[in-house]
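Colleague: Below are the chains, spelled out letter by letter.
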Amino acid sequence: SQELEQSPQSLIVQEGKNLTINCTSSKTLYGLYWYKQKYGEGLIFLMMLQKGGEEKSHEKITAKLDEKKQQSSLHITASQPSHAGIYLCGADMEYGNKLVFGAGTILRVKS
Amino acid sequence: DVKVTQSSRYLVKRTGEKVFLECVQDMDHENMFWYRQDPGLGLRLIYFSYDVKMKEKGDIPEGYSVSREKKERFSLILESASTNQTSMYLCASSLWELAGGPGEQYFGPGTRLTVT
Chain R
1 SQELEQSPQS LIVQEGKNLT INCTSSKTLY GLYWYKQKYG EGLIFLMMLQ
51 KGGEEKSHEK ITAKLDEKKQ QSSLHITASQ PSHAGIYLCG ADMEYGNKLV
101 FGAGTILRVK S
Chain Y
1 DVKVTQSSRY LVKRTGEKVF LECVQDMDHE NMFWYRQDPG LGLRLIYFSY
51 DVKMKEKGDI PEGYSVSREK KERFSLILES ASTNQTSMYL CASSLWELAG
101 GPGEQYFGPG TRLTVT
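These protein sequences, in sequence, are chains R and Y.
Oh and the first sequence: position 53 is 53 in the numbering used here, straight run, nothing missing.
Oh and the second sequence: position 23 is 23 in the numbering used here, straight run, nothing missing.
Bound-form chain Y, shown alone:
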């Protein structure tokens, strides 16, 4: 079974703190993704990576950065947390498809981040 794990299920941080969210997958997937999920807005893509040290901005990258130093690990960084970053953060991974297209994404359990 594909396993995607996230470092924390629940996290509470103060405004202005630097926050690291870690995601690890064990299936040698090339692609990894960070989403945030908010009621009524669904999943919005923050950043994704299709290879080690490669990253691309998603739809809402402002206030976030990412790091992918190893294939299995993709980190999301909130440089200076703000209250509007309170959300559910979901990590996903997928195989790079030779024929193109995103392929099935496997999701982690999510991290519910609260910024006070």
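One chain only, chain R, in its complex shape:
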């Protein structure tokens, strides 16, 4: 969706390196959901952020929502081949029960 921009579109990193994926909106985000997708499969929920400045972590993945609630970042520390896949952000922009999704970031991790 043009309402939600993800960057970069794709990323290749060496195993062990850190990386960051960004999700930016021109509107206030009332909730921001991060999902991971293995190629050809469904989406797996990673985490959800709602409050400005909120930060959550799961294993080596940390997500933050900025104070203005218009940008979120997903940071992976010491990447592993198991982190490879497509990362998508989905936003609650107060359209009722709908989420608006970004175009996704393709992550490849080289061993």
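Check the hints yourself; a few may be wrong.
Restricting the straight-line Cα-Cα distance to at most 30 Å, the calculated cross-link-like pairs of lysine-lysine (DSS-like) are [unchecked claim]:
#1 Lys36/R with Lys57/Y
#2 Lys36/R with Lys55/Y
#3 Lys55/Y with Lys68/R
#4 Lys51/R with Lys3/Y
#5 Lys71/Y with Lys18/Y
#6 Lys55/Y with Lys27/R
No lab work stands behind these hints, which were simulated from the structure alone.
Using the hints provided, position chain Y relative to the given structure of chain R.
Modeller: What follows is chain Y alone, placed relative to chain R:
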């Protein structure tokens, strides 16, 4: 665990055929969604439903219809398949949130449809 299942992982149909994609969830969720996913475009919402027999158009409903006769089942129908409907189709479900907002969506494994 929430389980969302889709009737087929891969499907090949001919132009002009009527195509049914089925989605079933086992967690008594009120909301169900159909998306299509294309490279560079992300997920685009086709239709969603927040109750039995209720449906609302998403961003790209043209060429599609839906049916929700039972709470657990949400069907996507391509009335006359065309090659530009070749895509990955994903179904999702979520609880209706009393406080409003979409809540976490649980996704099925997807159906890769090819129309020739």
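Colleague: Look at each hint and say if it fits the structure.
Modeller: Here is what the structure says about each hint:
{"no.": "1", "hint": "Lys36/R with Lys57/Y", "in the structure": "holds, 26 Å"}
{"no.": "2", "hint": "Lys36/R with Lys55/Y", "in the structure": "holds, 27 Å"}
{"no.": "3", "hint": "Lys55/Y with Lys68/R", "in the structure": "violated, 34 Å"}
{"no.": "4", "hint": "Lys51/R with Lys3/Y", "in the structure": "holds, 29 Å"}
{"no.": "5", "hint": "Lys71/Y with Lys18/Y", "in the structure": "holds, 23 Å"}
{"no.": "6", "hint": "Lys55/Y with Lys27/R", "in the structure": "holds, 26 Å"}
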